[in-house]
Amino acid sequence: MDERKICLKVNGKQYEEMAETRMTLVDFLREKLGLTGTHIGCEHGVCGACTVLLNGTAVRSCLMFAVQADQAEIATVESLAVGGELHPLQKSFWEHHALQCGFCTPGFLMTACAFLRENHAPSEEEIRLAMSGNLCRCTGYENIIKAIAAASRVMQHQGMHMSDRLYPISGK
Amino acid sequence: MKPAPFQYHDPRTVDEVVSLLGRLGGDAKILAGGQSLVPLMNFRLARPRHLVDINKVSSLEHIREEDHHLVIGALARQRMIEFSELVHRKNPLLIEACQQIGHPAIRNRGTVCGSLAHADPAAEWPALALVMDASLVLQGPEGQRRVPASDFFVSYFTTCLDPRELVVEVHVPDLPPGAGSCFLEVSRRHGDFALVGAAVWLTVDPSGICADCGIALAGVAACAVRARAAEQRLKGERLTDSLFAEVARGIPDELDPTSDLHASADYRRIVAAEIVRRALGIARQRIGKI
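From first to last, the protein sequence lines are chains A and B.
Numbered as in the working numbering, the first sequence ends at 184 without a single skipped number.
Numbered as in the working numbering, the second sequence ends at 327 without a single skipped number.
Derived pair list, reagent style DSS-like, types lysine-lysine, alpha-carbon separation capped at 30 Å:
no., chain 1, residue 1, chain 2, residue 2
1, B, Lys93, A, Lys17
2, B, Lys93, B, Lys39
3, B, Lys326, B, Lys127
4, B, Lys39, A, Lys17
5, B, Lys93, B, Lys127
6, A, Lys44, B, Lys93
7, A, Lys21, B, Lys93
8, A, Lys25, B, Lys93
Since the hints were derived computationally from the structure, they do not count as laboratory data.
Sequences and hints are given; from them, build the entire structure.
Dropping the structure here:
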């Protein structure tokens with residue numbers, strides 16, 4: 013069995029675990045670290061449910077091996093709420109009924125995080141384009157788009173930048 | 038565990054990669070962005086016994102300017118192309134095409150050279166490489182060789198790359214000064230593989246006559262194809278709507294698409310003709326604008 017020790021930072025916390033080199037990053041996060049907020053949908057890069065931030069950029073964690081994230085900084089959906097207080101994006105999803113079964117939600121949230129970090133005041137068209145790689149089988153897209161638009165306005169109004177509340181702040 | 042077991046290798050230099058490939062040959066697969074290989078491995082359609090991960094070979098991350106060329110290294114990711122000032126200035130056609138590849142999370146990982154080596158006939162990069170007369174630098178145990186894109190692609194997912202070779206970089210000629218270009222594709226949903234894609238560029242002389250042009254299509258044959266007859270018809274002519282319509286009508290004769298779940302061969306022919314016509318019109322509007 014081909015195993016490696018994997019050292020990485022997830023949501024600001026350092027972890028060190030052995031894992032088989034064929035273990036995908038999403039399985040590693042869920043099974044080795046117990047961080048089950050990241051969901052596994054299609055396991056071939058189509059649905060976006062497993063989206064996490066790798067050194068600040070959105071990636072499909074089912075299309076990476078955990079060993080490739082050695083020494084990296086990962087942010088998962090668990091990083092969004094701080095001290096029991098929801099992130100404005102999460103609050104907005106709640107307020108706009110942007111989740112039904114909730115399975116796709118972690119992927120939508122993390123994709124939206126990466127997107128709002130690049131684009132502080134997106135148009136509806138830009139939000140639709142940015143979210144087009146995430147699938148919602150409940151087809152609740154309209155409310156997801158509304159929630160992201162509203163969250164971007166709230167954050168702008170509060171002068172809050174996405175990076176303020178997101179691990180890691182650095183990274184390319 | 039989704040993928041079958043493999044031995045993982047993470048070399049730091051091109052020499053190490055090549056010596057591993059020389060030793061492991063056909064038992065090894067290169068892992069770059071992994072956006073095509075890992076899905077295949079998760080389905081166990083691909084079961085390489087050795088995985089050679091090149092992500093730590095930092096000398097391959099370049100997007101460099103060389104005389105009238107862009108040199109794109111094996112680890113340059115689609116998003117790096119998309120946001121590159123250099124590429125924007127020298128070859129905006131590449132950027133327009135990149136924006137239509139998958140989704141941002143896919144483009145954050147996926148690489149240009151990986152897409153070329155994967156040789157999906159519906160992908161954007163093989164068509165871009167053909168239309169720009171790009172060439173690929175391959176390195177194996179016997180040294181480097183440079184292969185024109187027109188010789189690189191053999192058939193569906195098949196290239197002339199030896200299992201012991203790595204695509205080190207691709208050299209993409211700049212668009213000629215003043216050229217207008219356009220990349221259009223039609224897919225069922227944004228970010229899906231294209232049913233048909235078209236990459237075109239045009240230049241005109243001072244009197245408005247077409248001096249040179251390139252037209253390539255994706256998704257319409259076993260490899261991306263150049264529409265040579267259409268190109269010949271345009272050269273030396275004034276670029277009118279009626280000429281574009283005539284050229285488009287001839288496009289289906291140059292193609293050999295297959296039918297699948299997503300579209301019939303006939304539908305692909307019709308779409309190919311129409312997007313070539315539209316892309317030529319858009320490219321014409323952009324002449325002299327870069």
